[in-house]
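Residues per chain are reported as follows:
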Amino acid sequence: MSNNHHTATSEGGHEHGSLTTKLIWKVFWILLGVTLFEVGIAFTSIPKNILMYTFIILTIVKSYYIVGYFMHLKYEAVPFRWTILLPFVLIVYLIFIALYEGSALSMAPL
Amino acid sequence: MASHAASANPSKIWGGGTSPYSMSWGKMFMWIFLVSDAFTFSSLLIAYGYMRHRFSDIWPIPGDVFTHFPFIHGHVPLAYVGLMTFILIMSSVTMVLAVFAGHNLDRKAVLKWMGLTIVGGFMFLGSQAWEWYHFIHGSEKGSYILADGRFARTDDLEPGVLIFQDHSKVEGAEAQALMETAKKNIHGANLTENEYGNTPLFANFFFFITGFHGFHVFSGVVLNIIVFILVYQGFNDRKKDYELVEKVGLYWHFVDLVWVFVFTFFYLV
Chain A
1 MSNNHHTATS EGGHEHGSLT TKLIWKVFWI LLGVTLFEVG IAFTSIPKNI LMYTFIILTI
61 VKSYYIVGYF MHLKYEAVPF RWTILLPFVL IVYLIFIALY EGSALSMAPL
Chain B
1001 MASHAASANP SKIWGGGTSP YSMSWGKMFM WIFLVSDAFT FSSLLIAYGY MRHRFSDIWP
1061 IPGDVFTHFP FIHGHVPLAY VGLMTFILIM SSVTMVLAVF AGHNLDRKAV LKWMGLTIVG
1121 GFMFLGSQAW EWYHFIHGSE KGSYILADGR FARTDDLEPG VLIFQDHSKV EGAEAQALME
1181 TAKKNIHGAN LTENEYGNTP LFANFFFFIT GFHGFHVFSG VVLNIIVFIL VYQGFNDRKK
1241 DYELVEKVGL YWHFVDLVWV FVFTFFYLV
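So the sequences go chain by chain: A and B.
Note that my numbering numbers the first sequence so that position 87 is 87, with each residue one more than the last.
Numbers given in my numbering equal positions in the second sequence, counted from 1, plus 1000.
Don't read these hints as lab results, they were simulated from the structure.
Be a bit skeptical, because a hint or two may be false.
To be verified - Under the rule of at most 30 Å between Cα atoms (straight-line distance), these lysine-lysine pairs were calculated in the DSS-like manner:
#, chain 1, residue 1, chain 2, residue 2
1, B, LYS1108, B, LYS1012
2, B, LYS1247, A, LYS26
3, B, LYS1112, A, LYS74
4, B, LYS1239, A, LYS22
5, A, LYS48, B, LYS1169
Keep in mind that this is a model prediction, so the values were computed, not measured.
Produce the entire structure from the sequences given, and follow the hints as far as they go.
Structure below.
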């Protein structure tokens, strides 16, 4: 489980978590594979809107691996994880209002 | 989830005497800075999305714009940015390996991986310079603003053909006549006009967002070089602590993370 924030924290408090070089390279292959997959499906005849949502989901998958493993957030204390991640709810809200407004305006004449 | 541990006995974590975040202040404030920086980049990309939805009928298709690849004549869309993404992900891996070596106080390995990270950073910056050059320089024939005010592109692979914004095409003598009577011939891109679409916004956002990201990469390379020199001089060995590498690593991964989003929203979607 992830409540390992009481593990032997010496002066600087740097715990390794369970990140190993093997895992680092595994994450690299996942990121590379997802990117190649994205470039690959960009030229298929899959409908544009399905393609768009696929790209956005895959981007979130990639950011999960970068933030979780490379930036080590998956192994940090739980209160800290929430402190970092929760503010991005505001970004989701901003995306919603900006894109909704932009689409609505595009229907009005210039 | 372990959140119940916090809610079940909050007095234990937040009641003083322990560090709820169990993290050094230096690392924590790097994180706080990165959150604020992520908000800046999010706002820029959301502004891009807003304008793209607003002008969806005249917005250029990225697949038609970024088609160049070194030494290849013809259209290879996405290949070059794909390569740039690979370079940046690769340099992120070498950075995380440097952080890992730092935990083991392995100075030699830290220097090796950080050195490779710096090389990767320079490769990315070089790639971006190449990309900007081709974006600004544009195609051979450019685009036209016709006598009736319509906007039409040309394609280096289809000489003598005019392509309108609704993707309809005109060729032969008709196209020739339209080009001769055109009001203007636009080549490449600047802040007021570009040949890719009938709106300056596309190029403006391209310059600003990729430029802002490129400047972050440049700052990251500078910070990496400074830390590399400090590690080389034995600063971290004397402290028996390599957290400095970890902090600069966080920044470097963040730069990689932003590129993942720029890649999706500027080139793929």
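Here is what the structure says about each hint:
1. A C-alpha spacing of about 41 Å is found between LYS1108 (chain B) and LYS1012 (chain B), which places the hinted pair above 30 Å, so the restraint is violated.
2. Proposed proximity of LYS1247 (chain B) and LYS26 (chain A) is supported: the alpha carbons are some 23 Å apart, at most 30 Å.
3. The suggested pairing of LYS1112 (chain B) with LYS74 (chain A) holds, with an alpha-carbon distance near 26 Å, which does not exceed 30 Å.
4. Taking the CA atoms of LYS1239 (chain B) and LYS22 (chain A), the gap is about 28 Å. The hint holds against a cut of 30 Å.
5. Annotation: proposed proximity of LYS48 (chain A) to LYS1169 (chain B) holds, straight-line Cα distance about 22 Å (limit 30 Å).
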